[in-house]
Amino acid sequence: MVMENGKILEVKDLAVSYKVYEGILKVLRNVSFYVLKGEKIGIIGESGCGKTTSMKSIMRILPTNALLEGGEIYYKGKNILKISKKEMTYLRRHSISMIFQDPSTALNPVFKIGPQIYDIVKYSSDRRLTKSEIHELAISYLKQAALPEPERILDSYPFQLSGGMKQRVNIAMSLASANDLLIADEPGTSLDVTIEDQIMRLLKSIVEEKHLSIILISHALGTVRGFVDRIYVMYAGTIVEYGPTKSIFSNPLHPYTRLLIESVPKLMGKKIPEGIPGVVPSYLNPPLGCRFSTRCPFKMDICEREMPQVYEAEDGHFVACHLFRKEGS
Amino acid sequence: MSTFKFVGKSLAYSIISLIGLSVLVFVLARVLPGNPARAALGPNAPPEAVQALMQQLHLNEPLYIQYWYWISGIFTGNWGLSLYTHRNVLLDVEQFFPATLELIIMAGIIDLLLAIPLGLLAGKMENTYVDNIIRVLTYIGIAIPSFVVAIFLQLIFGYGLHLFPIIGELSPGVTPPPRITGLYVIDGLLTGEFNVVVDAIWHLILPSFSLALGPLAQEARILRSAVVENKNSDFTLSEISHGLPDSIITTKYLLKPSLIPMITIYALDISSIIANAFLIEFIFNWPGISRYGLNAMLSKDLNGIIAVVMIAGVLFVIANTLVDVIIGYLDPRSREEVSD
Amino acid sequence: MDEKVSRKNLIKRIRNKYGRYWYRFKRNKLSIVGLGVLIALILMAILASLITPYPSNAGLYINLSQENLPPSLAHPFGTDMLGRDILTRIIFGLRYSFLLVGVVLSVTVIPGVVLGLIAGYYPKRWFSILIMRVADIFVAVPPLLLALSIASVLTPNITNAMFAVSLAWWPWYTRLVYTSTTSIRNEDFVRAAEVIGASPSHIMFSEIMPNLLGTILTKVSLDAGWVILIGAALSFVGLGAQEPTPDLGTMISEGAAYLPQVWWISIFPAIFIVIIILAFNLLGDGIKDMFSSSIR
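Protein chains in written order, with the working numbering: chain S, 2 to 330; chain C, 29 to 368; chain Z, 47 to 342.
Simulated from the structure, these hints should not be mistaken for laboratory data.
List time: in silico PhoX-like cross-link candidates among lysine-lysine, alpha-carbon distance up to 20 angstroms:
no., chain 1, residue 1, chain 2, residue 2
1, S, LYS77, S, LYS8
2, S, LYS123, C, LYS280
3, S, LYS57, S, LYS27
4, S, LYS123, S, LYS87
5, S, LYS132, S, LYS113
6, S, LYS79, S, LYS13
7, S, LYS211, S, LYS144
8, S, LYS132, C, LYS280
9, S, LYS13, S, LYS27
10, S, LYS20, C, LYS259
11, C, LYS259, S, LYS57
12, S, LYS79, S, LYS57
13, S, LYS38, S, LYS77
14, C, LYS284, S, LYS113
15, S, LYS77, S, LYS211
16, C, LYS259, S, LYS86
17, C, LYS280, S, LYS113
18, S, LYS77, S, LYS57
19, C, LYS37, Z, LYS170
20, S, LYS144, S, LYS123
21, S, LYS87, C, LYS152
22, C, LYS152, S, LYS86
23, C, LYS152, S, LYS20
This is chain S alone, in the form it adopts within the complex (with noise of 0.2 angstroms):
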């Protein structure tokens, strides 16, 4: 297997565009990020920046009208992007797996969860398994995922779970199919707070005892703090600024990050914080340079020209941004 200095997984320079009725939506550009095998990020930014596109690419679940114009993928230094059908299958089955943001749609409505995870058991194992085999690990799944009476919950429909329940049950879905990483997209946005703790304590613990990695998806960045390793902030489909989970809180580079933790509510704090002032601009005509231009308090005249290029601030923490561009590059 070959896998360059331990990356599990590598997305170089990934463009990703949606083609609607008003022309063309371009979403993702030049995004790059990697996981470490075992190594937990998360990915961070405002809802409709392209996170769920770049998951969707990886899984190469894309909707038909969304346009793949440039970049790699590499899992375990294979291109994703280039393997064959089965192959993909394979992984899926056997190794990546992904969690989606709303456990009420899901999960199949007119099904029972039974019958839903027995197939998963069944298509990534390597054997043939028994029926009763299949029932004993679907039933191990559900209690890894600390779900209370796996039994009653096998002979459930999912519309007679709560949310919290239905997330867990996803999870122990992913647990037969995610043997190498796994992709959470915002796995407690749509629950209540406090079941938000317990999802992502549970995830936390599970990727821990089976050395998972993990991508985790959210728009908040206190939620991923006291998980992940590495953090990656998006901004209207383009990564600004990625380092150290540490890093990044103590010494946020790009003005968008800064503009991102300074708008988190402070329980000391005097004033509530005012946001970020502007819109993300439109992906029909995205600006010719760096996407946060129309927004950022210290845009400067090549921001708007230029795409800028990433560097390497600090050991290991980097931003794409004009501001932090070195002498004579």
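Since the structure of chain S is already known, use the hints to place chains C and Z on it.
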């Protein structure tokens, strides 16, 4: 349990509606201008004969008494005299109904057998040339009245290509199987007369396809849009990303939820099959209750008309009940809502 | 170029609120085709006596020396068993088809909708229950069959055919409007109108009704096709328009006796029926798009 309750409730409503329907048709038939006895005997009949017939049919009594005679007759086996065949309407129904039932069932089966693969295929292959071909076919299928389909099919496959018979239920020279159910295909199977079964199916193809085309086109369109919607839903993406095989996803996880809206209108489509059978049996000279009913209508045979309308109403209720049961099986949420 | 067009659209949408509807409607090319075909056919029907080659053939006319002629330059669709030009009779026949649609829909939609509104707004009152029960009775048999049976007890002619189809048709609007009204009447804007003391008729017709317009119009245009179909079926079996009225359904049925040799008597009117119904269906889809909020 709750499916049972749900079906029971809608069945009860249907029976009330059917009783209402019998009153409606009865009143319409009696109140609207025209003397049925006169109409039955023709303009040249002597007035005494007309009076005698009116007496015999209780036409001189008040309306509610007439209705009482009629409705109590329904339950005692006296369905009134047919002015067209001159015997108890019940006997006519017994003789002619099985042929119609066979035709309707065949049409209902052809309908589903074609609508499901077409709709599924079009939805899976959204916006490809396959989808576009199916779209054009379904548009045309919806727009062609079934009696026009019947004429076209007779012209092309009957007169032109000589592939299918143009009229009747069996070829001349083929003796009907011993009567058990009256449905030739079933009776043929039960008695082991397979040549009759083949001949009967061969005769069924054109008329039942004429009946099925419109409904199946509409259902295929509805199924297609449901498939397209569910294909892009999170649960399908989730199933793909767990590595389930495409065949399982399509025929199991995608098909079942997508069938719900289609099956919901299937009841209405059965109703249009029942209604169009009146024209199709006429065109194919099919010896069924609908052709009988049409002749009753053309000769103003009120007892015959009412019987046929009521039978259609009962068939429609059965179709609705069947659809309720299927929906209950397909959609667990529908079972839940009723128990509240 | 493309940008100019879209800007023009944008300005239009802002200037005129109906512009938005038109914009949505015309995005589906097929809807435009449907609308165009219908306008053309209606114009043909209106101008029938001017544009047809043999206007006298529309009525009682017999010329046996010309009987059953195949399609030719003089008679593009051939002649029938009485020597009448089929093209002429088809164009005149369009009049009856559109007349049927116009009459049936105008006498069924308004009462059907009003009854549905009343029953939906007062869902628990006795008159509402009565309305809905009666409607249920009418929908207990297929509309085509109900129309056939009603027509059969009347004298067969066009007026009675219209009456029969109308009687079979109204409850479908009542049921449609009833269902929507019962759900809309609990919305906040209806409650608010009640709180400020608006009269029930104001709420029904000015608050609830506009929300149903899209659904109703879509159904009207799709139903137009069905009405033509049912009208043709009535004439086909002899319970509708009678000879020598040039009605498409009657023409098909008369020609059926001469199949397969003299196929043109039946087939050309049949093709026209299909075209009209298809056009109404395409128009209906366009109207559905127009009111659909999921399409931007």
